Every structure is written in C-alpha cells, then in structure tokens.
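Peer 1: The lines below spell out each chain.
Protein chains: 2
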Amino acid sequence: MNRAALFEQIKKKNSYLCVGLDTDLDKIPRHLLSSSDPIFEFNKQIIDATHQYCVAYKPNIAFYEALGPKGWESLEKTMNYIPEDIFTIADAKRGDIGNTSALYAKTFFDYFHFDSVTVAPYMGEDSVKPFLYPDKWVILLAHTSNPGSSDFQLIESVVTGRKLYEEVLIKSQQWATPDQLMFVVGATQAEKMESIRAQAPEHFFLVPGVGAQGGDLKMVSKYGMNKQCGLLVNSARAIIYAGNGQDFAQRATAEAVKVQEEMSNYLHKYAN
Amino acid sequence: MNRAALFEQIKKKNSYLCVGLDTDLDKIPRHLLSSSDPIFEFNKQIIDATHQYCVAYKPNIAFYEALGPKGWESLEKTMNYIPEDIFTIADAKRGDIGNTSALYAKTFFDYFHFDSVTVAPYMGEDSVKPFLYPDKWVILLAHTSNPGSSDFQLIESVVTGRKLYEEVLIKSQQWATPDQLMFVVGATQAEKMESIRAQAPEHFFLVPGVGAQGGDLKMVSKYGMNKQCGLLVNSARAIIYAGNGQDFAQRATAEAVKVQEEMSNYLHKYAN
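Chains as they are written, first to last, in this note's numbering: chain W, 358 to 629; chain H, 358 to 629.
In short, the hints are calculated from the structure, not lab data.
Among the clues, some could well be false.
Identical copies look the same in the list; a pair holds intra-copy or inter-copy alike.
As the list claims (entries may be wrong) - Below, computed lysine-lysine pairings styled on DSS-like, alpha-carbon distance capped at 27 angstroms:
1. Lys370 to Lys401
2. Lys434 to Lys463
3. Lys528 to Lys549
4. Lys486 to Lys520
5. Lys427 to Lys401
6. Lys493 to Lys369
7. Lys384 to Lys463
8. Lys463 to Lys427
9. Lys384 to Lys486
10. Lys615 to Lys549
11. Lys549 to Lys520
12. Lys579 to Lys368
13. Lys401 to Lys463
14. Lys626 to Lys615
15. Lys434 to Lys384
16. Lys369 to Lys584
17. Lys549 to Lys584
18. Lys579 to Lys528
19. Lys626 to Lys575
20. Lys579 to Lys370
21. Lys463 to Lys493
Just so you know, these numbers come straight off a predicted model, no measurement behind them.
Chain W with its partners taken away, still in its complex shape:
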C-alpha cells in the first residue's frame, strides 16, 4: 500500500489507529482454547470487531514465533484474513548483513505479504536497504518507548551534536524516500515529538506506547501530525484484551471506537 492509499484510508475512517495483534495463549478468553487454532480464532474475531475503526494491524512476530511452526500457521491465516484495504505491519525488529536482511524481507513481504516491517538500525545501510521493495515499507526504529531507550539512543555525537536516534532519522533519509520509510517513535517521547517531526517532516511515524505503556494520544497528535496525518498510533493490550469473557470482541469494539473518536477530533484539529 502506498502513501496516498494509506492517507485515503485514514481520511475515510477518520482514524490512524493501528491495532497490535500481540496474541498470547495465556491472555485470550478461555472459551477459545477449545478451538483448533485459538490464536487465529482470537485474531479473526478481533479483526471482525475492529477493522472499521483502524487503518492498520501489527502482529508482534515474537508472539507467533514462540509457538513454533504452528504459530507461523496462525500468522499466515491471520494475514489472509485481514481485509485488503488495511495496512499490515510485521513488528519483527529485524536487521542483519545484506544477504540475510534480504531473506527477512522475503519472509515478510513475499511469503506473508505484509506491507511493512520494523527494522533495527544498528548495522546500518546495507542491513536496511534490502527491505526497500516497491510499495512496501521499512519502519526503522528511531526513538523507542521502553526504559532502555536511553541507554544508547541518547548518545550525542561529538561530530554532529546529534543524538543517536537523530543520526538514524537524518542518515536513513538518504536511503529511502518518505514513500518507503517510516520511523518508530515511542509515545512516551511525546515531549520530543515536535523536534522529531521537524527532523522528518514528511515521514509517517509508527507510535507504540499509547495505553499500556503510558503515552499520551493528544500530545502525540498535536506535535507529531503532519498534513498527511503522518501517524499510525498503535494500541494492543488496551483493545484486544479489553474483555476476557464471551463478550471480548464487543469490548474490543468499544475500546477501538473510543480511540477512533478521539483520533477523529485530532485529525480535524491538527492535520491541516
């Protein structure tokens, strides 16, 4: 899905919500465990319950990998079930030498048909470029939302005066246009959102951390939005585990609607 099509979906749904499919056998409703594939059954019902209110789904690949080959089958079925007009993100944090990154790209783009994959920048240009496919996206880690993000991402360069995450933002823009490259910017970095947006004015940001990780949707939207929205804000646990009984899907709908309505306001207020 290209940038224009993504923005069309955002306008159509008045939403920039990404639903994180962090599907965990220990957390899904008990009554699903008798199904032949509880992970897929849960995802299917969550997708049915939320697809009108979100523009993207983001399976967290670790949750599927941890189940071995069966997990990959659940992921494959999930990908086949997600409607065509919804953007898909493989949250995989991959990145390796060129020939290896090319294989990871093959996995997520050719095998599973994701629109995008999250990539860790530590190994530099030749670890990132193999993910540049036509009409597919690299979502590069810039400033993440976890406690350890300050360990290395804030190291300031003696040469440029820029922090590591800023070096990633600036340097990677030489590798790909805003039509193929997004950045991960944690919602817990809301106070930095304005300066990060100034360094990458046109790019989409994938913003995890609203909800369970404690980010602030209003601040993120106010300081992070650009004219084409430029934001995909992820919420996983707060939506998919809103309920834990027979009504879990309705509860997920209610949470998704709540976020979507808030987003609708911000879109009219800030995306101009």
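Starting from the known structure of chain W, arrange chain H on it as the hints suggest.
Peer 2: For chain H alone, kept in the frame of chain W given last:
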C-alpha cells in the same frame, strides 16, 4: 553449556570453529532436492562431516524463516540432530521491549533449545536482559563486519569519548557476567581487535566474517584470544558450500579440517 564446558570442548578439539548453517535451497547440491526435507538433509550431512572439527553450529534464522512453517520444522530437526556437546547459536539478531524479548528468548531457548542467541543492542537494557537464562548466553552485537557497521557503530559520544560499539561493550557488562554474555565482533575489524579485547578481557567474541567476508584468522586470533580462548570464529559459505556435487560433504570436511588445523596452531601460540 557454561563457559568451562565450552572451553573444555575447545581444548579437546583444538578448535574454536563455528560452522554457520546458512542453508539455502538455491545453493545446496541439486541431488538433495528430491529429499522430503532438503534443508535438513543438507544440514545432517554437513553436521556429520564437520562435527569433529568445530565446537559450535550457528543456524542463520533468516534462512529458515524465509521458508515459512516448513523452514521452522527443518530447523527443529537440525537442532535435534546436533550432538549435545556442541554449542548452538541462534543467529537471529532479535531485541524488543521486555515482554517481547522474553518471548523471543522462549522461542530460541525453550522451544528450540539453543545455547545462545544473537541480540541487537539498540533498545537497551530491558531488551537484552530477558535473554539472560541460566546456562544460556546473549551474544550482543558490538562491532559488526558489514559495510554499514560504520554508519552508527562508530559515532563517538560527546560525554565519554567512546564510540557507540564501545558504549555497548562497556554498558552491557553491567547487565551480565562473562558467563552469560558474548559479543559479536566482525573479523573485518581485526585491526581493532586488540583494543576491543582490552575493553572486554574475559568475554567470548563471536567473530563472523572470516572467509567470504574477507577477515583474517591469524590477526583475529593473535589480537582477540584470551586465556580461555575467548573466540568462536564463524565460517559458513566457505565450508558448507565448498562443494556442490555428490562429494559436497567430503569437501566440507576438508575445509573444516584446514581451518581447525590453523586454529590448533593459534591456540598453542596465543591462548596462554
């Protein structure tokens, strides 16, 4: 496998060779393609041909992932086939927020029973620590051997004067002892090996890049070895694709023997 046991294996075999199982359907001998699982059949014959001369096997996870669920099955069979006394490395370059890293650890340690996994440091402490299991190892990327390694790894901190890869070396030593933590140091960084060894005197280094990537085994050994050897040097393509016909396994043996004999010399010369 703990550090003492690993060093025992190194002394017993006079080798610190790690064989990289970068097994690729496009590169394995044609006559294996009629097998029900050509990837496993190739690995099995390579393991039979090389296990006396190496102390570790390193499946590059991308090669298995790219084949979907079937690839994971080939990996599982390969892991079951590797002899117990050989150290195993999941070359996966993972790393994510705590609960997600914990699931990646579960995948490679609990499901596949690897001894170690390679981890990318960009997200910091809480992305690394979930991989600290008893008698298991984190192999953290420090200075890699690919061209893009200079993009971010050489950024020098205005505060400490250390480069990013040195910050990784120093800071991560607060998170784990040399009994649970190794570093990836590319063989193409041979000229820096001495200073890197000074910053992490006791740790094992996993050194990729000897062979196809152009590293120099002698220089790596001379400047990188410590009293307990402290090196695992990986060779993949040069060994596993030494031949491409019916005799590919014998050709792999010949290459492995050649490297092992060279290593035997260096062990006696430098590991004192």
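Peer 1: Now look at each hint and say whether the structure bears it out.
Peer 2: Evaluation of the provided hints:
With identical chains, the CA atoms of Lys370 and Lys401 are at most 27 angstroms apart within one copy only, with a shortest distance of 20 angstroms there and 53 angstroms across copies. Proximity of Lys434 to Lys463 under the C-alpha cut-off of 27 angstroms is found in both arrangements, the shortest distances being 18 angstroms within a copy and 23 angstroms between copies. For the homomeric pair Lys528 and Lys549, the shortest alpha-carbon distances inside one copy (19 angstroms) and between copies (25 angstroms) are both at most 27 angstroms. Both within a single protomer and between protomers do Lys486 and Lys520 lie at most 27 angstroms apart by alpha-carbon distance, with minima of 22 angstroms and 24 angstroms respectively.
Taking CA atoms no more than 27 angstroms apart as the test, Lys427 paired with Lys401 passes in both settings, with 16 angstroms inside one copy and 23 angstroms between copies. In this assembly of identical chains, Lys493 and Lys369 lie within 27 angstroms of each other by CA distance solely inside one copy; the values are 21 angstroms within and 50 angstroms between copies. Taking the shortest Cα distances, Lys384 and Lys463 sit within 27 angstroms of each other only across copies (17 angstroms), while inside one copy they are farther apart (31 angstroms). In this homomeric assembly, Lys463 and Lys427 come within 27 angstroms of each other (Cα to Cα) both inside a single copy, at 20 angstroms, and across copies, at 15 angstroms.
Taking CA atoms no more than 27 angstroms apart as the test, Lys384 paired with Lys486 passes between copies only; the shortest distance there is 23 angstroms, against 36 angstroms inside one copy. Proximity of Lys615 to Lys549 under the C-alpha cut-off of 27 angstroms is restricted to the intra-copy arrangement: shortest distance 26 angstroms within a copy versus 55 angstroms between copies. For a Cα distance limit of 27 angstroms, the shortest separation of Lys549 from Lys520 qualifies both inside one copy, at 12 angstroms, and across copies, at 24 angstroms. In the homo-oligomer, the alpha carbons of Lys579 and Lys368 lie at most 27 angstroms apart inside one protomer (17 angstroms), although the nearest pairing across protomers, at 62 angstroms, exceeds that limit.
In this assembly of identical chains, the alpha carbons of Lys401 and Lys463 lie at most 27 angstroms apart whether taken from the same copy (25 angstroms) or from different copies (25 angstroms). In this assembly of identical chains, the alpha carbons of Lys626 and Lys615 lie at most 27 angstroms apart only when taken from the same copy (17 angstroms versus 69 angstroms across copies). When the C-alpha separation of Lys434 and Lys384 is checked against a cutoff of 27 angstroms, the pair qualifies only within one copy, where the shortest distance is 20 angstroms, while the shortest distance between copies is 30 angstroms. For a Cα distance limit of 27 angstroms, the shortest separation of Lys369 from Lys584 inside one copy, 15 angstroms, qualifies, whereas the shortest one across copies, 65 angstroms, does not.
In the homo-oligomer, the alpha carbons of Lys549 and Lys584 lie at most 27 angstroms apart inside one protomer (19 angstroms), although the nearest pairing across protomers, at 47 angstroms, exceeds that limit. Only within a single protomer do Lys579 and Lys528 lie at most 27 angstroms apart by alpha-carbon distance; the minimum there is 26 angstroms, versus 35 angstroms between protomers. Only within a single protomer do Lys626 and Lys575 lie at most 27 angstroms apart by alpha-carbon distance; the minimum there is 11 angstroms, versus 64 angstroms between protomers. Within a single copy, Lys579 and Lys370 get their C-alpha atoms as close as 19 angstroms, which meets the 27 angstroms cut-off; across copies the closest is 62 angstroms, which misses it.
Proximity of Lys463 to Lys493 under the C-alpha cut-off of 27 angstroms is restricted to the intra-copy arrangement: shortest distance 12 angstroms within a copy versus 30 angstroms between copies.
Going down the numbered hints, you'll see the structure goes against none, and every one checks out.
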